[in-house]
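> Work out the full structure: start from the sequences and follow the hints.
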Amino acid sequence: MADPMKIRATMSGDKVEVKVLMSHEMETGQRKDAKGATIPAWFIQNVTATCNGKTVLSAEWGPAVAKNPYMSFKFAGGKPGDKVAVTWVDNKGDKRTDEATIS
Amino acid sequence: MARNFGLMAAAVCALAFAAHAQQDKSVIDEIEKYRAALGDGNPAELWEARGEDLWKQARGPKKASLEKCDIGLGPGVVKGAYTVLPKYFGDTDKVEDLESRLVTCMVTLQGFTREEVVKDPFGGPGKKSDLEALVAYITGSSRGMKMNVAGTHPKEREAYEIGQKIFFHRGGPHDFACSTCHGDDNLRIRLQDLPNLSKVADAQRAYTTWPAYRVSQGELRSFQWRLYDCFRQQRFPELVYTSPASIALTMYLAKSANGGTYNAPAIKR
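Chains as they are written, first to last, in my numbering: chain A, 147 to 249; chain B, 1294 to 1562.
To be clear, the hints were calculated from the coordinates, so they are not data collected in a lab. Be careful, since some hints might not be right.
List of simulated lysine to aspartate or glutamate pairs, EDC-like, C-alpha gap at most 20 Å [to be verified]:
{"id": "1", "chain 1": "A", "residue 1": "220", "chain 2": "B", "residue 2": "1333"}
{"id": "2", "chain 1": "A", "residue 1": "152", "chain 2": "B", "residue 2": "1345"}
{"id": "3", "chain 1": "B", "residue 1": "1420", "chain 2": "B", "residue 2": "1345"}
Chain A regions said to be covered by chain B (calculated; three or more residues, Cβ under 8 Å) [said to hold, decoys possible]:
{"id": "4", "region": "166-180"}
{"id": "5", "region": "207-216"}
These figures come from a predicted structure and were not determined experimentally. Even for Gly, the Cβ is constructed at its ideal location relative to N, Cα and C.
Okay, structure coming up:
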């Protein structure tokens, strides 16, 4: 199973700033290993973020995103104590959800 | 006329030189900006989190965690421990750095064999290194504290002196020493500025920003890796993981950084 994400959610003025670090190989499918065989593509395809269950961000990613990606975004309508949950799904169907409380 | 031409050539040369120096400066500034932009989301935090789990998990044939491991400030003390390393440990009668100490604890407390522990000390494609994760967690727990390596025990003094000798020892097919690249101001390897480790400020800045997440490798790299790769670049024989030579060199560099504020795991290009 994939390693946990690191999520920080803090108030920044009247908006919530969310910073997420994900642990993922993000293989492009373009690289070859030491024996010359193509390393199969393996990357995060969908990212969604919810605040108290309501979707605040939905993104489609591709192989151009770097290994161990970092994502930062802001949204309106959150307040301290609310729960922010982030979910990613990769092209192998593996997924991971982690949660943080807004401070 | 000939004289004028000479003067003009000299003037052109001076201009070209000034422009070159200015360009160097702006390149370095731009790299600094790049580092600052990356610093906010340093993936080293992922290693720190995994390392903390590994530290607390009961593992190995003896089903024990590492929470009784003495890494410098007594059994189980993690906070600040990295600032006093390397140091002399009575139980092994050796000077040890963080990584050799972790190997010791994984063998004595958890019952792994030494061969199992040091098989893959550095992570790579498709393999994760437990040691690098543990190193990230433990070093991260010393962030903001001052480097304070004693180096007073006779064996510590001996290690320091050997480390200093290695630092200045020239050898290999390129007749290189560590000091060839790290003993003068304003030297670089490609676009990377090299710290002059004979100067306190540079030595502090260099030592206190390792280990680091290397963006170009997508891996967190430990101090043993840093020295291993320096040796490789010098075309020296392989620096054996946690060998007495590697610890002696670490001792010399760590002590040279005394008083510097520890700020790692950092992020490097």
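> If you test the structure against every hint from before, which numbers come out violated?
No hint contradicted; all consistent.
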